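Dock chain B against chain A, hints included.
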Amino acid sequence: MRWLPAFVSALCATGTLAAKKSTEQRFNEFHTKSLASTPVKLLDANYRELTSTPRDYTAAILLTALDARFGCQLCREFQPEWDLLSKSWIKGDKAGESRLVLATLDFSDGREIFMSLGLQTAPVLFLFPPTTGPHAAASPEPIRYDFVNGPQSAEQIHAWLSRHLPDRPHPPVKRPINWIKWIFTTVMLSGTVTAAVVAWPYVLPIIQNRNVWAAISLISILLFTSGHMFNRIRGVPYVSGDGRGGISYFASGFQNQYGMETQIVAAMYGVLSFAAIALTIKVPRIADPKAQSVAVLAWGGALFLMYSFLLSIFRVKNAGYPFALPPFM
Amino acid sequence: MSADTLQVLASAGKGESTRTILRFIILSLIAGAAIASRLFSVIRKCPLSAGSQLLSWQSRPSRRGQLSGLLRLSAFWAALLTAASFQVSRALFTNVGSPSLSQSCARAERQSRMVADNPLVDPWFNFRATKYLVANGFYKFWDWFDDRTWHPLGRVTGGTLYPGLMVTSGAIYHALRALTIPVDIRNICVLLAPAFSGLTAFAAYLLTNEMTPSPSAGLLAAIFMGIAPGYISRSVAGSYDNEAIAIFLLVFTFFLWIRALKQGSMLWGVLCALFYGYMVASWGGYAFITCLLPLHAFVLICMGRYSTRLYVAYTTWYALGTLASMQIPFVGFLPVKTSEHMPALGIFGFLQLLAFLDYVRSAIPSRQFQTFLWLFAGGTFGLGLAALVVATSAGFIAPWSGRFYSLWDTGYAKIHIPIIASVSEHQPTAWPAFFFDLNMLIWLFPAGVYLCFQNLADEHVFIVVYALFGSYFAGVMVRLMLTLTPVVCVAAAISASSLLDTYLNVKSPNAEEHPADDNTDGKKSGKTGLKSTSKPVVGIYGWLSKGTVAGAMTVYLLLFVMHCTWVTSNAYSSPSVVLASRMPDGSQHIIDDYREAYQWLRQNTKEDAKIMSWWDYGYQIGGMADRPTLVDNNTWNNTHIATVGKAMSSREEVSYPIMRQHEVDYVLVVFGGLLGYSGDDINKFLWMVRIAEGIWPDEVKEREFFTPRGEYRVDGEATETMKNSLMYKMSYYNYNSLFPPGQAQDRVRQSRLPEVGPSLSTIEEAFTSENWIIRIYKVKDLDNFGRDHASAAAFDRGLKKKKAAKKRGPRQLRVD
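Residue numbers (my numbering), protein chains in the order written: chain A, 1 to 329; chain B, 330 to 1145.
Looking at chain A on its own, in the form it has when it is part of the complex:
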């Protein structure tokens, strides 16, 4: 069947000579192109050709800006998903029964198009519905898909496309098996198991060591109570500028915080707890009276200072808080 694409392309080549191709011809041309490599990479001219009316096919065109100059993180993140979607769609629909062309127009190839559409952000996905034929839509205007919620997965876009293409086949998204990941996982897993077996006699005392578990527990408690999960869930910035070129370590507002802020708070809690532990456990075990009273004063002082500092920071977060301890009033 090698001759079929060649034949079709030859047909198309003759077709280009004609001033205006029929919609059937255009679809065949783009479908052939997409069989060769998908999504079809568009230029200025064939974008207009693809979207010209009348058309009896649907065109899904992703307008994106992949060049590093534009610094479009979202475009680059979404591109593999879009490639995956179009590949699996074309693979499942070689005959072109769904009459859908998936194409990409990069900003560097079609600057005018972006201008004429008045686009200020990328990526944007346009779906040009057919204007003639059995699935013709009332308006030739494209349906726009904005990536408001960050990069979408191929399945989400697939669902969106399927919704707008009723009564047509929707080849499902097939993710290729990630062999590297599987091999990597297997190797790592067996390596870990081997290492665990070999190191077991050495690891066992550590696992059974009460100090290690105490340390792990305390650190996790300090992390959780200082708002670490908030950082994970909300993805807050680590620090932020204060608008005058400096760094502001503490977010304003009671319901807000920065990554660094929580670490400072966790450290303060840690110092306070450790001082309390030291006063309870360590100090009564010091046999020398002089050293003991020095230790009491040191730990007690550290506790007092740190608590005072903590209260002062809490007053920053909650402006109406009335309580304070001496050094940091």
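Keep in mind the hints are simulated off the structure, nothing from the lab. Everything numeric in this text was worked out from a predicted model, so none of it was measured. Don't be surprised by glycine CBs; every beta carbon is placed ideally from N, CA and C. Nothing false has been slipped in among the hints.
Chain B side only, calculated, beta carbon under 10 Å to chain A, not exhaustive:
{"no.": "1", "residue": "W772"}
{"no.": "2", "residue": "F782"}
{"no.": "3", "residue": "A796"}
{"no.": "4", "residue": "G799"}
{"no.": "5", "residue": "Y801"}
Derived SDA-like pairs (lysine to any residue); straight-line CA-CA distance at most 20 Å:
{"no.": "6", "chain 1": "B", "residue 1": "K1107", "chain 2": "B", "residue 2": "Q990"}
{"no.": "7", "chain 1": "B", "residue 1": "K1030", "chain 2": "A", "residue 2": "P151"}
{"no.": "8", "chain 1": "B", "residue 1": "K864", "chain 2": "A", "residue 2": "F274"}
{"no.": "9", "chain 1": "B", "residue 1": "K860", "chain 2": "A", "residue 2": "A278"}
{"no.": "10", "chain 1": "B", "residue 1": "K1107", "chain 2": "B", "residue 2": "A1095"}
{"no.": "11", "chain 1": "A", "residue 1": "K282", "chain 2": "B", "residue 2": "S863"}
{"no.": "12", "chain 1": "B", "residue 1": "K1030", "chain 2": "A", "residue 2": "A159"}
{"no.": "13", "chain 1": "B", "residue 1": "K460", "chain 2": "B", "residue 2": "E936"}
{"no.": "14", "chain 1": "A", "residue 1": "K282", "chain 2": "B", "residue 2": "L873"}
{"no.": "15", "chain 1": "A", "residue 1": "K41", "chain 2": "A", "residue 2": "A68"}
{"no.": "16", "chain 1": "B", "residue 1": "K864", "chain 2": "A", "residue 2": "V294"}
{"no.": "17", "chain 1": "A", "residue 1": "K290", "chain 2": "B", "residue 2": "L873"}
{"no.": "18", "chain 1": "B", "residue 1": "K1030", "chain 2": "A", "residue 2": "D146"}
{"no.": "19", "chain 1": "B", "residue 1": "K860", "chain 2": "A", "residue 2": "W213"}
{"no.": "20", "chain 1": "A", "residue 1": "K282", "chain 2": "B", "residue 2": "A879"}
{"no.": "21", "chain 1": "B", "residue 1": "K864", "chain 2": "A", "residue 2": "R210"}
{"no.": "22", "chain 1": "A", "residue 1": "K290", "chain 2": "B", "residue 2": "P865"}
{"no.": "23", "chain 1": "B", "residue 1": "K860", "chain 2": "A", "residue 2": "I206"}
{"no.": "24", "chain 1": "A", "residue 1": "K282", "chain 2": "B", "residue 2": "K836"}
{"no.": "25", "chain 1": "A", "residue 1": "K282", "chain 2": "B", "residue 2": "G868"}
{"no.": "26", "chain 1": "B", "residue 1": "K1030", "chain 2": "A", "residue 2": "L119"}
{"no.": "27", "chain 1": "B", "residue 1": "K1013", "chain 2": "B", "residue 2": "N963"}
{"no.": "28", "chain 1": "A", "residue 1": "K282", "chain 2": "B", "residue 2": "P865"}
{"no.": "29", "chain 1": "B", "residue 1": "K875", "chain 2": "A", "residue 2": "A278"}
{"no.": "30", "chain 1": "B", "residue 1": "K875", "chain 2": "A", "residue 2": "F274"}
{"no.": "31", "chain 1": "B", "residue 1": "K1013", "chain 2": "B", "residue 2": "E1040"}
{"no.": "32", "chain 1": "B", "residue 1": "K1030", "chain 2": "A", "residue 2": "Y145"}
{"no.": "33", "chain 1": "B", "residue 1": "K460", "chain 2": "B", "residue 2": "N516"}
{"no.": "34", "chain 1": "B", "residue 1": "K1052", "chain 2": "B", "residue 2": "A1123"}
{"no.": "35", "chain 1": "B", "residue 1": "K860", "chain 2": "A", "residue 2": "R285"}
{"no.": "36", "chain 1": "B", "residue 1": "K864", "chain 2": "A", "residue 2": "R285"}
{"no.": "37", "chain 1": "B", "residue 1": "K1030", "chain 2": "A", "residue 2": "A122"}
{"no.": "38", "chain 1": "B", "residue 1": "K875", "chain 2": "A", "residue 2": "R285"}
{"no.": "39", "chain 1": "A", "residue 1": "K282", "chain 2": "B", "residue 2": "A881"}
{"no.": "40", "chain 1": "A", "residue 1": "K282", "chain 2": "B", "residue 2": "G876"}
Frame of chain A, contents of chain B only:
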């Protein structure tokens, strides 16, 4: 509780009796103080005069020299608290005049909750359900079908709620009636939460006493539990919610579990199961116990601490507790189906295997036992795993319910369930909230957990596991701060009491007895214990050291009490229905729009007029205005909520048929623009759009509510979709008539509104409250002349309808 009384009686003949009785008195004082502080949760400043009578009281036990210093200190605090609350109550009574009980109850009832963005108003529903229970009896209540909510669907209420709370207050009501004490069910509902908080303080005392030999730790834990803001927030008078009794049940179940585990006693295990069953009947948070107890058992097994005590306690609890929990219709067969109950079942099976192995080991020689063990363990594990996989994939085991799943995968709720993400109580917790709710306990807590590692008995493992588990969940969800608070109080009390025990000891060691290089037995104990406890305890030498630390601790404790008082009076006593604000001159100004509007609905609308509002206000409308609602806070039907969201966020022409189909008579919106009240519907509007978009992605699009530059605006720059949405129109209708032309301003969003306000055609303004917080619109009936509403409204405004007839051209004769 009876155990303590028995102890008192038993030790009455011995020298300890005075001490025990005194401790008991202190404990009841603490419980009383905890109750009182919630009743009058408007505690202002603690009057200094309370201190003088205390000092004289304090000197008595020290003369006898029988009490440890700490006991004195805790007595001081208990009495301080009690005195403070009595002082406050007196001040309150003189201020208000001479209010009758019902008045002060009504006052307390309003103080239900801290206002977050979404005030949840479950108390209103619970109150309504309790009234129904008391009026119609238990069996009617069980089969209650409520047709006044979720119009037109209705709700099978009896089968979809946790009845524990209502049954508790119903039982109290009937008990009091039997004692010929006439009391209104309303008063019982209002006072239930404070009463149970006293019991919680008592349960915390019992739980802590299981952990440490120090007699004062329990008292401290009771004090902490009594006044920690993290718990007060849910137990002030009038917060008639499931949590009100559930926290007591939680702590008490844990106490019974520890007792059962320590003694290996089936009796305590049965009691534990009974209270667990009560807990299941009361609160959805019972899953916390269901997961924590197996986890504790599992950790104990992993540490090689399997014992028959554990076997007896766990199997008794699990078998009876599960049976008890399955008696609740709402729970039903969940304990054997859903994944969050699987750990409990798994550990139950695992313990059977361990018990079996234990038996086999005693029967056959050890070498054969090794082979047997490996084969047996491998086989069982493989079989169990295969069964789990098969059952899950075949659908016998339900997938994790959304609310629970969002705890583990923190991104889950945001993507899949906007309705869960929209509730402010399901948000993660920022650190100020921890400090706000726990104050100095937050740093005593890790110290207490560390002390638990000192002699790590089974019950100490429980505290460690609970601390880790609880702090993780409290970090993920603000609401679960409530389940963390008990363990924080217990651990902090252990830490504070051992600190004070060390420094408030009259005896000082003698320096000669303890040579500085005493290091002989240190290495031996260092193997198993903590590194820091390898040396022997000497004691504290100087009075200076003792004085410094004791003084500093007193300052911290005082600060803690002041903090709790401040938090309670500022944050948690401000009711969600009545807003309080300060005038420029410092006087208090009460904003009572909600009640005004609900009263209006009650008096001016038909008995069965259907009210459409966003679901946050459903329970309030049902409870206070007594009118059927479309959606309420029980969010079981996402599509129905999305329907309301769609009606709110679409154009009038789209919304009107939806409202007609649902027989809506009135629409209620909350608008804070005039007053600067930020919890209004325009700020919640995006959630309505999102939830509606989840069901009708083609008709409602979130993108269209943002300007091309991605801003959410309400002023002249707002998008057309925004300006035409029903919610926007209802919020700003006629709003610019309050201002000079062109000056209309929204004080929440700080934006100037367009000069021409929106116009409404299918609904008409019926009521607007004093501060414009609540606006109620009446849905118009169909037009008498059969016109559509837009042209009818245009006609009323004096715009003549264009005669379509003229365009039609000359008349033609109809030919068949």
